[in-house]
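The chain contents come next:
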Amino acid sequence: MIELRKVTKRYGRTEALKGVSLTAPDGCVLGLLGVNGAGKTTMLNLMTGYLPPTAGQVLVDGTDMLANPRFCKRRIGYLPEQPPLYDEMTVTAYLTFVSRLREVKAASIPGHVRDILGLCGLEEVADRPLGKLSKGYRQRAGIAQALCGDPSTLIFDEPTVGLDPRQVVEIRRLIRTLGQTHTVIFSSHLLAEVSQLCTRAAILHEGRLVWEDDLTAQRADGHIDLRVVIAGRESEVSRALRDAPGFRSLKALPAPAPGLAEYTLSLDEAPGEPLPQERLFRLLAARDLPLIRLEPEPTGLEDIFLRVTQREGGNA
Amino acid sequence: MTAIWRKELQAYFFTPVAYVFMGVFLLLASLFFYLLILAQRSSDLLTFLRYMSYLWMLLSPVLTMRLMAEERQKRTDQLLMTSPVSVTGIVLGKYLAALTVLLATVLLTLVYVAVVARYGAAYPGELLTGYLGFILQGCAFVAIDLLVSALVRSPIVAATAAFGVNFALWMMDLATLFAPEWLSGILRFVSLYSRNEPFLMGQLSWAGVFYDLSVIAAALLTAVWAQDRRRRA
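Here the protein sequences line up with chains A and B, keeping their order. Count along the first sequence starting at 1, add 521, and that's the number in the numbering used here. Count along the second sequence starting at 1, add 742, and that's the number in the numbering used here.
Be careful, since some hints might not be right.
With a Cα cut of at most 25 Å, we get these calculated DSS-like pairs of lysine-lysine [said to hold, decoys possible]:
| hint | chain 1 | residue 1 | chain 2 | residue 2 |
| --- | --- | --- | --- | --- |
| 1 | A | K539 | A | K527 |
| 2 | A | K653 | B | K816 |
| 3 | A | K656 | B | K816 |
Each pair of labels, with its calculated beta carbon distance range [unchecked claim]:
| hint | chain 1 | residue 1 | chain 2 | residue 2 | range |
| --- | --- | --- | --- | --- | --- |
| 4 | A | K653 | B | G765 | 26 to 32 Å |
| 5 | B | G765 | A | V556 | 51 to 57 Å |
| 6 | A | K653 | B | G867 | 50 to 56 Å |
| 7 | A | V556 | B | L800 | 47 to 53 Å |
| 8 | B | Y793 | A | R531 | 51 to 57 Å |
If you're looking for bench data, these hints aren't it; they were derived computationally from the structure. We put the CB at the ideal spot given by N, CA and C, even for glycine.
Assemble the whole structure, with the sequences as input and the hints as a guide.
And the structure:
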């Protein structure tokens, strides 16, 4: 498990991350979204111990990265945006070197490297120099090096950027396979990629974490989030909303005008029943609470991304 | 650290770097050997060592130029820095790999000693101290040039800058001849060449040994600090 606690990172006067707290629980596939310059790479560099935070803590399985970097780094495999490859080395020699670097016992290195070559589909290029491989194979070699030493967490920075469509599909398939046995954290600016591959997603904007949620729960759950503006006394309105059929949760928003109340409301969608909006409308009408506005809250990742990045005053 | 040492050693011998270094070193050493020993019918190996020691200044940047700068240029430093090896381990591994090539080259120069011992007179005591100073001086140059490589991003810049620094160190030694008394005293105190003089006269100078080791330690610690500092900036 990786945890960021109020992490801030400054480069000179520029604050790349501003007090970010985030947890990647064991077994999750976490997608980190954000526009260019949002702070995604900085966050990954902090998680891997490549950069130290200016303030705050990075914890790996409960251990502080700065206090015990060796313990933490053994548990993390990292593929930076540009795969860190030595062009003159063959794929096998390179993975052997990285395995030694990651303290794999000498006797088990050949078997370990063979397993990784198989998992990443690199057997046929095992004896070729890295400098002579295609971009797709180089990316696979980059992922393979992250697997050396059998870390429990894999961190990939924009793993599919610059690849052709076929290579993108192959790398996504590999990430999906790895996600079954590892905690995977990767950054992307492709919303569809994160929707497809991840169990959790987080959105960074201008160095701040502006949204984070469990995507599997969102996908599986039969509910709708609504934003409503209703005329009436706040206590009366909130009581009526709590009585709505299929009521789940309610969150009050600042009143848009005197005499009006605004809420976000979560209601269950029951098969065979009228739409939650219709049931809500009838309930409010029965209680003489005029419904001024009713609209579904965007739940697709794309809508969420646009909403949270615009709300934060971004230019996305 | 061992993994880094092995990898760097392989890199030296899988690319022309080690062969260029050893080849040029031995070529120039052979020229000195011919001019100073064979042509003169002399057994003065200490003078031969004095001339060979100038080759460190010239060739040490060849060994060190890629060590740190290329990792930054190709961004492979991200692999090293996110591995369980400490920055000190990385710097030491690289330094020891360069020293291995340097010592292998020194070992090959024993051929010249063997020739003199066979056909002339070689004195083991003075030769041992002469070689000790010669090796320590080489180690100090490699440490200084590794530091230069840690400070820049391109191997070519690292080589050029390292040669500039080495040349300045040599010029500093020459400047002792012209500088005012107080300044030449300081220059002589810090000069790697002046410090090597006792060894070249067959004397074991503990001050010289301590000085060379201090220069090595200071250069390597500064290289570690520079790597760390860059990440914190």
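So, going through the hints one by one against the coordinates:
1. Annotation: proposed proximity of K539(A) to K527(A) holds, straight-line Cα distance about 8 Å (limit 25 Å).
2. Pair hint K653(A) plus K816(B) holds up; C-alpha atoms about 16 Å apart against a cutoff of 25 Å.
3. For a cut-off of 25 Å, the pair hint linking K656(A) to K816(B) stands: about 16 Å separates their Cα positions.
4. Checked against the hint of 26 to 32 Å, the pair K653(A) and G765(B) passes, with Cβ atoms roughly 27 Å apart.
5. With their beta carbons about 53 Å apart, G765(B) and V556(A) fall inside the hinted range of 51 to 57 Å.
6. Separation of K653(A) from G867(B) is about 54 Å and conforms to the stated range, judged on CB atoms against 50 to 56 Å.
7. A hinted range of 47 to 53 Å for the beta carbons of V556(A) and L800(B) is consistent with their spacing of about 51 Å.
8. A hinted range of 51 to 57 Å holds for the C-beta pair Y793(B) and R531(A), which are about 52 Å apart.
The structure is consistent with each of the numbered hints, conforming to all of them.
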